[in-house]
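Colleague: Put together the whole structure using the sequences plus the hints.
Chains A and B are the protein sequences, given in the same order. Per the numbering used here: the first sequence = residues 1 to 169. Per the numbering used here: the second sequence = residues 170 to 434.
None of these hints come from the bench; they were simulated from the model. A couple of the hints might just be wrong.
[Unchecked claim] Chain A is faced by these chain B residues, among others (derived, beta-carbon under 10 Å): (1) 197; (2) 268; (3) 269.
Just so it is clear, CB atoms sit at the ideal spot from N, CA and C, and this is done for glycine as well.
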Amino acid sequence: MSTATPITRVSITMIVNDQPVTAEVDPRTLLVDFLRETLQLTGTHVGCDTSQCGACVVHVDGLSVKSCSMLAVQADGSRIVTIEGLAQAEDLHPVQQAFYTQHALQCGYCTPGMVMSAVDLIAHNPQPTDREIRAWLKGNLCRCTGYHNIVSAIAAAARAAHAPASANP
Amino acid sequence: MYPFDYVRASSVEDAVSAAQTTAGSRFLAGGMTVLPMLKQRLANPTQLIDLGHLAGLRFIRADIDGIHIGAMTTHAAVAGSGLVREAIPALARLVDGIGDPQVRHRGTLGGALATNDSAGDYVAAALALAATIVTDRRRIAADDFFRGMGETALAADELITEVVFPIPRRAGYAKFEQLASRYALVAVMAAETTVAGPRVAVIGAASCAFRLPALETALSRRWHAAAADSLAIDPDGLTSDLCGSAAYRADLVGVLARRAIADAG
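Modeller: In structure tokens, the structure reads:
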């Protein structure tokens with residue numbers, strides 16, 4: 001490749017956690033590397049780097065995706081939310097709070113991806129059954145917990161989000 | 170990944186033209202197969218042509234010859250489509266089992282067929298439902314499209330634009346998942362099509378998907394699951410690996426064919 005024409009860098013613009021971001025990147029830059037290394041948003045983790053484990057899940061235009069299997073240039077013009085974008089000021093997002101309350105993590109490595117997946121699930125299916133939660137987590141691996149408390153936390157977060165409406169008919 | 174140049178196609182013509190202009194180009198749809206390949210340095214394209222902005226290739230509509238699905242339609246869109254669920258429920262269920270939710274948000278129909286993974290669920294659907302693959306220049310019957318492991322009838326600069334799935338009288342899908350990856354170790358789709366009669370397609374068992382003509386003949390006499398009981402699958406030529414021997418896969422083909430036929434009702 002040494003004699004080939006130099007690779008053209010590509011200018012990209014996106015909204016990350018409500019902040020506009022513009023940068024020039026090598027086309028082969030993965031979205032996860034752009035988030036972690038260029039934007040220093042290291043809450044998104046790289047686990048397997050082969051789109052199996054889900055530690056790198058972020059939201060692109062409202063849908064959960066694996067940021068290790070997407071190029072930064074493919075996210076040009078998109079709205080991105082990472083784990084850093086969930087909490088409002090000092091208040092954890094309800095799913096984060098539920099993970100804390102239900103002891104849904106041990107080492108914590110998979111947690112950012114688990115939480116981002118769960119937020120997407122609840123956004124599109126506000127009252128998932130345990131079976132639906134487990135099916136949804138097919139792309140998120142946890143090697144510590146055995147998933148039980150993760151499923152409990154997601155169910156609890158969904159119930160909490162639903163509770164105010166049902167309490168005030 | 171090896172370095173590559175990147176262009177974003179603004180139209181089908183633009184994408185094809187970019188592929189013709191630069192040797193060694195590769196189309197990038199959802200990237201769920203291409204990006205992992207690039208990361209492993211199994212491919213070294215000079216240029217990736219991003220199809221992600223071709224909004225005109227994202228559609229699902231019914232026509233007289235079946236359900237037309239745009240090549241850039243994601244798996245999530247197909248699995249969640251009321252039209253597909255109503256017309257070909259087995260197809261909606263099959264697509265809902267591809268990868269995981271995050272993969273289904275990115276992966277596309279065109280990409281899945283163009284990469285022709287030996288365990289690709291969509292390949293089974295295209296074959297069993299006698300789909301027609303429409304490209305920028307011609308229409309290709311599914312039977313003529315899949316040519317071997319990862320090989321298709323597509324020219325290097327040829328782009329899938331849509332796929333037509335004729336609505337079958339009935340169709341069923343049975344998949345035996347490899348327990349770690351959840352890919353199909355073997356899967357079978359069985360369909361009774363209106364034009365081409367019964368069709369049974371197998372994925373995961375060999376390097377390329379294949380049909381079961383003897384079983385199709387038996388099903389044309391009478392559609393019943395027991396037709397698969399007398400099926401003799403020759404393990405010679407089937408895949409043998411850590412997850413299962415060729416003999417095991419041969420056995421699975423019969424079991425899953427029976428289940429797929431029963432699933433179709």
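Colleague: If you take the shortest Cβ to Cβ gap from residue 197/B to chain A, is it below 10 Å?
Modeller: holds (8 Å)
Colleague: Identify whether the interface hint at residue 269/B stands, where standing means a beta carbon of chain A within less than 10 Å of its own.
Modeller: With a closest approach of 3 Å, the residue 269/B hint holds.
Colleague: Given a cut of 10 Å on the nearest C-beta pair, is the interface hint for residue 268/B held or broken against chain A?
Modeller: holds (7 Å)
Consistency with the previously given hints is maintained throughout, with no hint failing.
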